[in-house]
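Using the sequences plus the hints, can you model the full thing?
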Amino acid sequence: MSTETAPRPAKRKLADNAGPADKVFRGVSRGGGSLVLVLMVLVGTFLAYRAWEALSRAGVSFITTEDWNPDGGGFGIAAVIVGTVLIALVAIVVAVPLAMGTALYISEYAPRWLKRTLVTVVDLMAAVPSVVFGLWGAFFLQWKIVDLSRWISDWFGWIPIFAVSGVTRDDPLGTQTAYTSSTFIAGVVVALMVAPIACSVMREAFGLAPVGEREGAYALGATRWGMIRSVVLPFGRGAVIGGTMLGLGRALGETIAVVMIISPRFEIQPHILEHGTSSVSSLIALRYGESSPFGISALMAAGVALFVLTLIVNFGAASVVSRSRSGAVSEV
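Numbering (the numbering used here), first residue to last: 981 to 1312.
Don't read these hints as lab results, they were simulated from the structure.
Positions of the beta carbon are idealized from the N, C-alpha and C atoms, including for glycine.
Heads up, a few of these hints could be off.
[Said to hold, decoys possible] If you anchor each label on the Cβ, the simulated ranges turn out as follows:
id, residue 1, residue 2, range
1, Pro1077, Trp1131, 17 to 25 Å
2, Pro1000, Gly1081, 32 to 40 Å
3, Pro1273, Val1018, 24 to 32 Å
4, Ser1271, Val1111, 16 to 24 Å
5, Trp1032, Val1191, 22 to 30 Å
6, Asp1134, Gly1013, 50 to 58 Å
7, Thr1100, Val1018, 17 to 25 Å
8, Glu1184, Asp1127, 33 to 41 Å
9, Pro1077, Asp1002, 42 to 50 Å
10, Ser1271, Thr1203, 37 to 45 Å
Below, the structure is given as structure tokens:
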């Protein structure tokens, strides 16, 4: 028998016969993408240039110092970065289940006549100005949620993050002000701001789950929840991650609503139910108008830290989403 192998057929090259419209679209797309990158580099360069004076004087202590007194002592972002991250994490913990549940109800359970109304309401919530959420949170929600903060502290205060300094369970002298202007309250308000954005992203993906796979799941005897768990959620996994990270990016940079709720506190404060916290964006908003030229440079340095943190979150989200494309792992 002959041991000769048959020659492999030559690979066929696909000709790129792009028409004028395709070339124009390709050029506009490349130009738009390049412009976004250029603008991002320019913003980062501007912040770094304005912040160089403060960063060169503070050195590494800028990352480790909790106090903020550029003109009369040390200054750093240790406290405000911790506060920023904690507020954002509280917001995401509250917003993601709310957004996912709303998206699933609209796409899978709501009657057709109600879907359009719910979609409009959710989209309108995303358009409400931050100052409105801040006013509502400071003068209404805060006083309605204090009892919940007290209950969490009473029953789960043995967990360090839920402890409140100087307050004991069933303390008759305990006041509500120990729980106001806290990380928890600010995080809940921010969660209501980012939930509509995350919900819109998730709802679009859930609604695009393949009809064939849905019907296949029902044909195999799955309930509606079984179909959602085996088809819709795997198909929309990338959208869930993307919506979550998009909300996290918004939560990290939220300013006005947080400024109106929190009481600034320049020390690392890991107790989310306790009065007082701070964030980078609120620091910049509160101190910009009264700062000296060197103080402005220090605020720019804080802005650089927030800019880098946001970039890390967004690049991390892009990496995770690229490994979990919607529909890539859906199975019945």
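Hint check:
no. : hint                          : verdict
1   : Pro1077 / Trp1131: 17 to 25 Å : 19 Å, holds
2   : Pro1000 / Gly1081: 32 to 40 Å : 48 Å, violated
3   : Pro1273 / Val1018: 24 to 32 Å : 28 Å, holds
4   : Ser1271 / Val1111: 16 to 24 Å : 23 Å, holds
5   : Trp1032 / Val1191: 22 to 30 Å : 57 Å, violated
6   : Asp1134 / Gly1013: 50 to 58 Å : 53 Å, holds
7   : Thr1100 / Val1018: 17 to 25 Å : 36 Å, violated
8   : Glu1184 / Asp1127: 33 to 41 Å : 37 Å, holds
9   : Pro1077 / Asp1002: 42 to 50 Å : 43 Å, holds
10  : Ser1271 / Thr1203: 37 to 45 Å : 60 Å, violated
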